[in-house]
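Visitor: Could you build all of it, start to finish, from the sequences and the hints given here?
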Amino acid sequence: MSQDPPLLPPLALPGQPLAQSPPYTAGTGTHTQNSTSTITASIAGIPRAHTDMSISVTRPTASHPHSHPNPNPNPNPLLLPEVASAVLARVTRLNPRQATVEIFALQANHAGAEMGVCEHTFQGLIRAQDVRATERDRVKILDCFRVGDVVRAVVISLGDQSNYYLSTASNSLGVIVAHSDAGDPLHPINWRQMACARTGIVEERKVAKPI
Amino acid sequence: MTDRRRINGPPEGTTPLEFLTGFTHQSVIKRSPTTLRKIFLKTSLTPPATGSAFLELPTPSSPSTPTLKLTASVYGPRPLPSATAFSPNARLTAELKFSPFSTPGRRRGYIRDGVERDLSAQLSLALVKSVDVGKYPKSAIDVFVSVLDCEGGLGDPGDGKGGGGVEVGLMGVLAAAISCASAAIADAGIECFDLVAGGVAGAMLERDGDVEVGRVGEGGDSGGARPRGEHARKVTLVLDPSPAGDYVILAAAAVGYMAAKDELTLVWTKGSMSPSSDGTEETERLIDGAIRAAIGVRLVINEAIKERWLLGLNEIGLIKEKGVGGDGDTAMD
Numbered sequence: 001m002s003q004d005p006p007l008l009p010p011l012a013l014p015g016q017p018l019a020q021s022p023p024y025t026a027g028t029g030t031h032t033q034n035s036t037s038t039i040t041a042s043i044a045g046i047p048r049a050h051t052d053m054s055i056s057v058t059r060p061t062a063s064h065p066h067s068h069p070n071p072n073p074n075p076n077p078l079l080l081p082e083v084a085s086a087v088l089a090r091v092t093r094l095n096p097r098q099a100t101v102e103i104f105a106l107q108a109n110h111a112g113a114e115m116g117v118c119e120h121t122f123q124g125l126i127r128a129q130d131v132r133a134t135e136r137d138r139v140k141i142l143d144c145f146r147v148g149d150v151v152r153a154v155v156i157s158l159g160d161q162s163n164y165y166l167s168t169a170s171n172s173l174g175v176i177v178a179h180s181d182a183g184d185p186l187h188p189i190n191w192r193q194m195a196c197a198r199t200g201i202v203e204e205r206k207v208a209k210p211i
Numbered sequence: 001m002t003d004r005r006r007i008n009g010p011p012e013g014t015t016p017l018e019f020l021t022g023f024t025h026q027s028v029i030k031r032s033p034t035t036l037r038k039i040f041l042k043t044s045l046t047p048p049a050t051g052s053a054f055l056e057l058p059t060p061s062s063p064s065t066p067t068l069k070l071t072a073s074v075y076g077p078r079p080l081p082s083a084t085a086f087s088p089n090a091r092l093t094a095e096l097k098f099s100p101f102s103t104p105g106r107r108r109g110y111i112r113d114g115v116e117r118d119l120s121a122q123l124s125l126a127l128v129k130s131v132d133v134g135k136y137p138k139s140a141i142d143v144f145v146s147v148l149d150c151e152g153g154l155g156d157p158g159d160g161k162g163g164g165g166v167e168v169g170l171m172g173v174l175a176a177a178i179s180c181a182s183a184a185i186a187d188a189g190i191e192c193f194d195l196v197a198g199g200v201a202g203a204m205l206e207r208d209g210d211v212e213v214g215r216v217g218e219g220g221d222s223g224g225a226r227p228r229g230e231h232a233r234k235v236t237l238v239l240d241p242s243p244a245g246d247y248v249i250l251a252a253a254a255v256g257y258m259a260a261k262d263e264l265t266l267v268w269t270k271g272s273m274s275p276s277s278d279g280t281e282e283t284e285r286l287i288d289g290a291i292r293a294a295i296g297v298r299l300v301i302n303e304a305i306k307e308r309w310l311l312g313l314n315e316i317g318l319i320k321e322k323g324v325g326g327d328g329d330t331a332m333d
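Chains as they are written, first to last, in full-length UniProt numbering: chain A, 1 to 211; chain B, 1 to 333.
There could be a bad hint or two in this list.
[To be verified] Some chain B residues judged to face chain A by a derived CB distance under 10 Å, without partners named: (1) T59; (2) S62; (3) P66; (4) R78; (5) T84; (6) A85; (7) F86; (8) S130; (9) K135; (10) A188; (11) C192; (12) A259; (13) K261; (14) L310; (15) G312.
[As the list claims (entries may be wrong)] Here are some chain B residues the structure puts well away from chain A; computed CB gaps all over 12 Å: (16) R5; (17) T50; (18) G109; (19) V128; (20) F144; (21) L264; (22) E281.
To be clear, the hints were calculated from the coordinates, so they are not data collected in a lab. The beta-carbon is built from N, C-alpha and C at its ideal position, and this holds for glycine as well.
Guide: Spelled out as structure tokens, the structure:
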């Protein structure tokens, strides 16, 4: 952003050449045209040259510049889970081998990306062997998640036709919001247990380390 | 084929209202054969869609001018339905639909017919090459184009204009649909290699009572009919031919053209070439004309996207570049 050696237009349109590829690299919103090795804009937006010699094209806001009031807080229709992106997901179904979740927010894995709410939810799967990093063959799914929990996880694979495969095998990953059987909110007491402040009841979860 | 699930109008038995000004009696403004008609294009008009555009051709000078009106809306990328197989790329589907009231003088059925299916297939073919489908795995991008008004007939049996020649109405609809859908894709912010613009060119024989198949003449930069040989009277290349125009088109070509990459995504030709040669030269000349038309349309798409952007920047109070629109202004020829 500091120096601006390639003369970038104030507004780039798809297909517009921006810079030559050898000195510069293609960032978000751009692609490199194979035949001429020219960095070309892929979306309409404001082109920027970064200090790491990458060129990106961004839209001014994450949301679409619609004039109508949006009910949701800026759902981004263009957010897609990719491998290694961090997601927030809600548990929808449990069976002894896996937990089915729906991904409702995710953070793209390029630098500086923020967690964004998806316009559509994506179905994900946390298999028993992906729940934690140790003793992965002794995981009991029912002692790790309950339906309705909100889980922080990482995408490990685009998965099969209908599911993204997620993993919670890290200290910072796991259940972040949970409710007891009675419906009271639970708070974490250690990495595998959560307790209810009102009744003192303790339930088992794979708990994410509070930030 | 009747549609039993919806309330249809009576199949027969009512007489249509007659208005004083019919579309057929409108005088079409004279223009030179190489001048494109004025296009109205605006994006982001369908709020629920990710991106959308509206196109009107030509910009009407009076309310009764016959025009081609269509809207395109883009939804996605959204998750594929769970029954479909895994795909590492986005699946782009395009659907073109004529409104029942779109054709003058005759109501269309609601059910998808062969013409719509054909145009939809060609539209998705023309668009899929431009979209960076590899960026959106396991997702679907759906493009819906709805034709609200087609200025003339579509060459259906029954609304015949007579006089021979080929009907360019469908080609005009397809070219406009390509341009409009591409503007909608850009409006949605879906990554694409380039924008596709549609263009049509035709070999025109001016209607002087004596219709005969002649050779496709020199496309006139001069703009006039250029006689060429004995049998080639008054055959000239016309860009963006109007189906309401008072001339006979002997052959026509429609293209989808990506101007920045200089690539064609779709070529559609029809009509008869001269019987003496194999027609290669004429076809090339027609396609070149259609490309020239597409380049003109591309400028309009660029301007429409820029215009929408400036509006969006104004709304969120982010406008800081002073000369964003100034240097990009292009004039339509």
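Visitor: Honestly, which of those hints from before does the structure not fit?
Guide: Hints 1, 2, 3 and 17 are the ones this structure does not satisfy, whereas the remaining hints hold.
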